[in-house]
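Student: Quick note, the sequences are listed as chains A and B, same order. Residue numbering for the first sequence follows my numbering, starting at 4 and increasing by one per position. Residue numbering for the second sequence follows my numbering, starting at 147 and increasing by one per position.
Treat the hints with caution; some may be incorrect.
Keeping only pairs whose Cα atoms sit at most 27 Å apart, straight-line, the calculated DSS-like set for lysine-lysine is [unchecked claim]:
1) B/LYS206 to B/LYS363
2) B/LYS362 to A/LYS12
3) B/LYS266 to B/LYS366
4) B/LYS362 to A/LYS5
5) B/LYS358 to B/LYS206
6) B/LYS358 to B/LYS371
7) B/LYS206 to B/LYS151
8) B/LYS266 to A/LYS5
9) A/LYS6 to B/LYS371
10) B/LYS358 to B/LYS368
11) B/LYS206 to B/LYS362
12) B/LYS206 to B/LYS366
13) B/LYS266 to B/LYS150
14) B/LYS206 to B/LYS371
15) A/LYS12 to B/LYS206
Please keep in mind that the hints were generated in silico from the structure rather than gathered at the bench.
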Amino acid sequence: MKKVIDFVKPAVILLLVAAVVALVLGLVDMVTRDRIEAIAEQTMNDAMQSVLPAESYEQLDVEPDGEVDAAYEAADDAGWVVQVTEVGSQGTVTMMVGVGSDLACTGISVTDSSETAGLGAIASQASEAGDNFRSQFVGQSGTVAVTKDGGEINALTGATITSRAIAKGVTTALALCETLG
Amino acid sequence: MNAKKQLTEGLITNNPVLVQQIGLCATMAISTTLFNGIGMGLSVLIILTCCNVVVSAIRKIIPEQVRLAIFVVVIAGFVTIVDLLLQAFIPALSSALGVFIPLIVVNCIIIGRAESFSSKEGVFLSFRDGVFQGLGYTCVLVLMCLFRELLGSGTIGGGLLNGASGLITLDGTGAGFRIIPEGFGIGALTLPFGGFLTLGLLMAVMQYALRKSGEKKARKEKEVKE
Chain A
4 MKKVIDFVKP
14 AVILLLVAAV
24 VALVLGLVDM
34 VTRDRIEAIA
44 EQTMNDAMQS
54 VLPAESYEQL
64 DVEPDGEVDA
74 AYEAADDAGW
84 VVQVTEVGSQ
94 GTVTMMVGVG
104 SDLACTGISV
114 TDSSETAGLG
124 AIASQASEAG
134 DNFRSQFVGQ
144 SGTVAVTKDG
154 GEINALTGAT
164 ITSRAIAKGV
174 TTALALCETL
184 G
Chain B
147 MNAKKQLTEG
157 LITNNPVLVQ
167 QIGLCATMAI
177 STTLFNGIGM
187 GLSVLIILTC
197 CNVVVSAIRK
207 IIPEQVRLAI
217 FVVVIAGFVT
227 IVDLLLQAFI
237 PALSSALGVF
247 IPLIVVNCII
257 IGRAESFSSK
267 EGVFLSFRDG
277 VFQGLGYTCV
287 LVLMCLFREL
297 LGSGTIGGGL
307 LNGASGLITL
317 DGTGAGFRII
327 PEGFGIGALT
337 LPFGGFLTLG
347 LLMAVMQYAL
357 RKSGEKKARK
367 EKEVKE
């Protein structure tokens, strides 16, 4: 017959190993937490600056509804920056949309996406093709759509779904700002 | 067991990806640019080495019944540490590899080496095993990245090298050297199924080379006998 110790010993050792690992993780978290938060804030600020330059941004009280994540009002009535998440072809596409006080789009920046490399991923890349695609949205207002759907945006080659998702995101942001403004 | 034999095992004769065929999921998913490949390879190398050393150090007190649970706790610990450090110090790599860094927890290379090697061998041997197996993994990733990036998107060194000035960029923004004009690449190669094709080709080449060298050895032995 097995003794009690045979059952207890493995459990105690597992517990000890887990405790040591947890302790180490706590220490690493302490060291890295501030840095990770600062980087996230910096990335966010850079994205906002690139779509609508302003001195500061004030977060507005907007209920996240599955598409709009957050909205910010830029200083000096320059306009708004809206963070929108739409469904792309490989997952969700999160973008920052700048909207000027005249309710026209001032620029977009794709902050998080997992679109196909070489096709839809171009929308978020800092390349010439990516810049060309994103700059098409500047000045757009009302309902934004790709040429295939009767709009003015030339979709990225082989990435109509990604392009549509971004056009939809911009439309959503513009519509939200209309209610704000 | 000497270091040279362990090195050949890790790189060629017992290569984790091409011969043991473990850890294939991440291999196919991230091997699209050199930046990703080297980053992922080195992350696995570091985690594998750390886990091997720790598992080997505590191998005598690990109870048989809960050994897998302990391996997983140790691996998950190191993976989370590397994940946090990457997020804090190399955010570009962290965002490029995304979910595949946390997924190293279930990468069978690490639990496989813990179960089959470091839980039986000494600390120093396990350390070497971690480094060499990790190198073998990195080499395969780099090969796949070079192949897929060159033929798929037409560049070399994407994310790591800056084509315009020829400088090394460590923040993942470099566009790489363009070899094939934009739009002429075989886009399919950058998709996951292109990864399958590339890996299949590499494995075939590897098996061919291993068989040839085996036949050569056998012939030599025969000649010596005669």
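Student: Hints first: check each against the structure and report whether it holds.
Tutor: Hint-by-hint comparison with the structure:
Our distance criterion of 27 Å between C-alpha atoms is broken by B/LYS206 and B/LYS363, whose separation comes to about 39 Å. Distance hint between B/LYS362 and A/LYS12 is unfulfilled; the C-alpha atoms sit about 53 Å from each other, more than 27 Å. The suggested pairing of B/LYS266 with B/LYS366 is violated, with an alpha-carbon distance near 35 Å, which exceeds 27 Å. Of the supplied pair hints, the one linking B/LYS362 and A/LYS5 is violated, its CA atoms being roughly 56 Å apart against a limit of 27 Å.
A threshold of 27 Å between alpha carbons decides the hint, and for B/LYS358 with B/LYS206 the separation of about 41 Å lies outside it, so the pair is violated. At roughly 20 Å between alpha-carbon atoms, B/LYS358 and B/LYS371 fall within 27 Å of each other, so this suggested pair holds. Note on B/LYS206 and B/LYS151: the hinted pairing holds, with a Cα-Cα distance of about 26 Å set against a maximum of 27 Å. Simply put, B/LYS266 and A/LYS5 have alpha-carbon atoms about 26 Å apart, close enough for the 27 Å limit, and the pair holds.
The straight-line distance between the Cα atoms of A/LYS6 and B/LYS371 is roughly 60 Å, outside the 27 Å bound, and the hint therefore fails. For the hint pairing B/LYS358 with B/LYS368, the CA-to-CA distance comes to about 15 Å; that is within 27 Å, so the pair holds. Note on B/LYS206 and B/LYS362: the hinted pairing is violated, with a Cα-Cα distance of about 42 Å set against a maximum of 27 Å. Among the hinted pairs, B/LYS206 with B/LYS366 is inconsistent with the structure: their alpha-carbon atoms are about 43 Å apart, more than 27 Å.
A hinted pair counts as satisfied when its Cα atoms are at most 27 Å apart, and B/LYS266 with B/LYS150 qualifies at roughly 20 Å. Between B/LYS206 and B/LYS371, the direct Cα distance comes to roughly 45 Å. Violation of the 27 Å bound is thereby established for this hinted pair. Between A/LYS12 and B/LYS206 the CA atoms are separated by roughly 13 Å; this keeps the pair inside 27 Å, and the hint holds.
Of the numbered hints given earlier, the model fails hints 1, 2, 3, 4, 5, 9, 11, 12 and 14; all others are met.
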